[in-house]
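Engineer: Residue numbers for the sequence shown follow my numbering, beginning at 1 and rising by one.
To be clear, the hints were calculated from the coordinates, so they are not data collected in a lab. Computed from a predicted structure; not experimentally measured. Just to be clear, a hint being listed does not mean it is correct.
Claimed, not checked - As a list, the in silico DSSO-like pairs of lysine-lysine whose alpha-carbon atoms are at most 27 Å apart: (1) K41 - K170; (2) K50 - K323; (3) K275 - K50; (4) K50 - K124; (5) K41 - K92; (6) K275 - K108; (7) K323 - K170; (8) K108 - K124; (9) K108 - K50; (10) K275 - K124; (11) K49 - K275; (12) K92 - K49.
Stated by the list, open to error - Computed beta-carbon distance windows for the label pairs: (13) T202 - H30: 31 to 41 Å; (14) I332 - E265: 33 to 43 Å; (15) P156 - R51: 55 to 65 Å; (16) A320 - K275: 37 to 47 Å.
Glycine is no exception: its CB is placed at the ideal position from the N, C-alpha and C atoms.
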Amino acid sequence: MRLKLNGATLPELWTDPLVEPGKGSITIAHLDAPQSLDLAKAHPVEMDKKRYRIGYWAWELPEFPDAWVPFAREFDEIWCPSDFCRKAMSAKLPVPVLTMPHAVEVAKPSESASDVARSLGLPKGVYHFLFAFDFNSYSPRKNPEAVIQAYAEAFPSGDPLRANAGLVIKVHGRGYGELERRRLEGLCEGLANVRIVDATMTREELTRLQWACDAFVSLHRSEGFGLGVAEMMALGKPVISTDWSATSEFVNTENGFPVPARLIELERNVGPYSKGEIWADPDVHVAASCMRRLVEDPEAGRRVGECARQSIAEGYSRTAIGKRYLDRIKSIALFA
Numbered sequence: 001m002r003l004k005l006n007g008a009t010l011p012e013l014w015t016d017p018l019v020e021p022g023k024g025s026i027t028i029a030h031l032d033a034p035q036s037l038d039l040a041k042a043h044p045v046e047m048d049k050k051r052y053r054i055g056y057w058a059w060e061l062p063e064f065p066d067a068w069v070p071f072a073r074e075f076d077e078i079w080c081p082s083d084f085c086r087k088a089m090s091a092k093l094p095v096p097v098l099t100m101p102h103a104v105e106v107a108k109p110s111e112s113a114s115d116v117a118r119s120l121g122l123p124k125g126v127y128h129f130l131f132a133f134d135f136n137s138y139s140p141r142k143n144p145e146a147v148i149q150a151y152a153e154a155f156p157s158g159d160p161l162r163a164n165a166g167l168v169i170k171v172h173g174r175g176y177g178e179l180e181r182r183r184l185e186g187l188c189e190g191l192a193n194v195r196i197v198d199a200t201m202t203r204e205e206l207t208r209l210q211w212a213c214d215a216f217v218s219l220h221r222s223e224g225f226g227l228g229v230a231e232m233m234a235l236g237k238p239v240i241s242t243d244w245s246a247t248s249e250f251v252n253t254e255n256g257f258p259v260p261a262r263l264i265e266l267e268r269n270v271g272p273y274s275k276g277e278i279w280a281d282p283d284v285h286v287a288a289s290c291m292r293r294l295v296e297d298p299e300a301g302r303r304v305g306e307c308a309r310q311s312i313a314e315g316y317s318r319t320a321i322g323k324r325y326l327d328r329i330k331s332i333a334l335f336a
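Sequences and hints are given; from them, build the entire structure.
Structural biologist: Shown next as structure tokens:
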């Protein structure tokens with residue numbers, strides 16, 4: 001089921017039929033848990049209890065919100081993108097919870113990475129790190145400040161290597177993150193070769209930016225999956241990523257640069273994440289060391305990136321994940 005939403009969830013956007021009446025016997029709805037009641041009210045045919053209803057949810061912390069538990073009653077089972085999500089959800093939800101990861105395949109541009117970089121105005125001969133995030137996914141969780149801090153530590157003023165490194169921060173959701181964006185710009189003042197890209201991109205445009213950059217850095221505090229990390233791995237790029245939550249399920253020391261982290265309590269509420277819950281505080285010093293190593297030895301990064309590409313191709317391709325989905329759907333159809 002693909003909801004016809006654009007921006008905020010408005011009632012009038014929930015009214016168009018999603019499937020032809022009487023077609024199929026299974027509904028799969030990919031949505032945030034709190035949207036479940038609105039979906040059931042707006043689409044009684046698709047969410048009728050005579051159908052087998054699957055909700056595809058995500059969550060980013062070890063403790064699933066108690067207030068969201070009742071929404072599971074609208075479904076017969078829940079799918080989620082990682083074992084990290086599954087453990088949090090299955091501890092509380094009254095229905096089965098299955099790990100059903102995202103398929104990760106990115107169409108590689110036909111042009112060379114250097115040609116794409118040149119077309120985007122990225123300086124030649126500079127090793128570019130990329131971090132991309134959406135302010136709507138909560139900046140404190142995505143933790144861009146740590147990426148900037150690691151970059152500044154890795155390539156300090158007066159260091160000859162500084163001229164060979166660059167950082168691109170792709171942001172989205174400006175209307176929700178104006179203050180955060182300005183603060184990021186302030187943190188980047190005085191740093192060499194740093195660019196903040198504030199734009200809404202098509203899938204092709206984003207892929208070109210990913211392809212043009214040499215590595216990805218995500219010092220997140222927690223991820224329910226980590227699609228940006230996985231997509232860069234699929235393109236054969238080395239990734240530096242917090243070694244906790246869902247990304248630790250596919251990033252290891254052979255195919256990436258996992259960054260150790262200590263677990264800390266949230267000091268305040270952040271969106272749906274409550275004060276006192278647990279998330280990660282990645283080691284910025286280790287991340288800085290990894291960034292410096294990649295600039296000093298880009299060939300080592302390419303070798304790690306190739307391992308990353310193979311890992312994603314083997315475990316998260318459309319074929320591999322599609323088979324997992326299909327096997328489950330066949331099992332449901334057999335016993336429904």
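Engineer: All hints, please: hold or fail.
Structural biologist: Going down the list of hints, with the structure as the test:
For the given pair, K41 sits about 37 Å from K170 by alpha-carbon distance, which is inconsistent with the 27 Å threshold. With a CA separation close to 25 Å, the supplied pair K50 and K323 stays within the 27 Å bound. With a CA separation close to 40 Å, the supplied pair K275 and K50 exceeds the 27 Å bound. Between K50 and K124 the CA atoms are separated by roughly 60 Å; this puts the pair beyond 27 Å, and the hint is violated.
Note on K41 and K92: the hinted pairing holds, with a Cα-Cα distance of about 24 Å set against a maximum of 27 Å. The hinted pair formed by K275 and K108 fails the criterion: a straight-line CA distance of about 41 Å is larger than 27 Å. Restraint check for K323 and K170: not satisfied, since their Cα atoms lie roughly 33 Å apart, outside the 27 Å limit. Using a Cα cut-off of 27 Å, the hinted pair K108 and K124 holds, with the two alpha carbons roughly 20 Å apart.
Straight-line distance between C-alpha atoms of K108 and K50 comes to about 43 Å, which puts the hinted pair past the 27 Å bound. Among the hinted pairs, K275 with K124 is inconsistent with the structure: their alpha-carbon atoms are about 45 Å apart, more than 27 Å. A distance of roughly 36 Å separates the Cα atoms of K49 and K275; the hinted pair therefore is violated under the 27 Å criterion. In summary, the hint linking K92 to K49 is supported, as the alpha carbons are separated by about 22 Å, within the 27 Å threshold.
For the pair T202 and H30, the supplied restraint of 31 to 41 Å is violated, since their beta-carbon distance comes to about 21 Å. Separation of I332 from E265 is about 40 Å and conforms to the stated range, judged on CB atoms against 33 to 43 Å. Taking the beta carbon of each, P156 and R51 are about 60 Å apart, inside 55 to 65 Å as hinted. Taking 37 to 47 Å as the suggested C-beta distance range, the pair A320 and K275 conforms, at roughly 39 Å.
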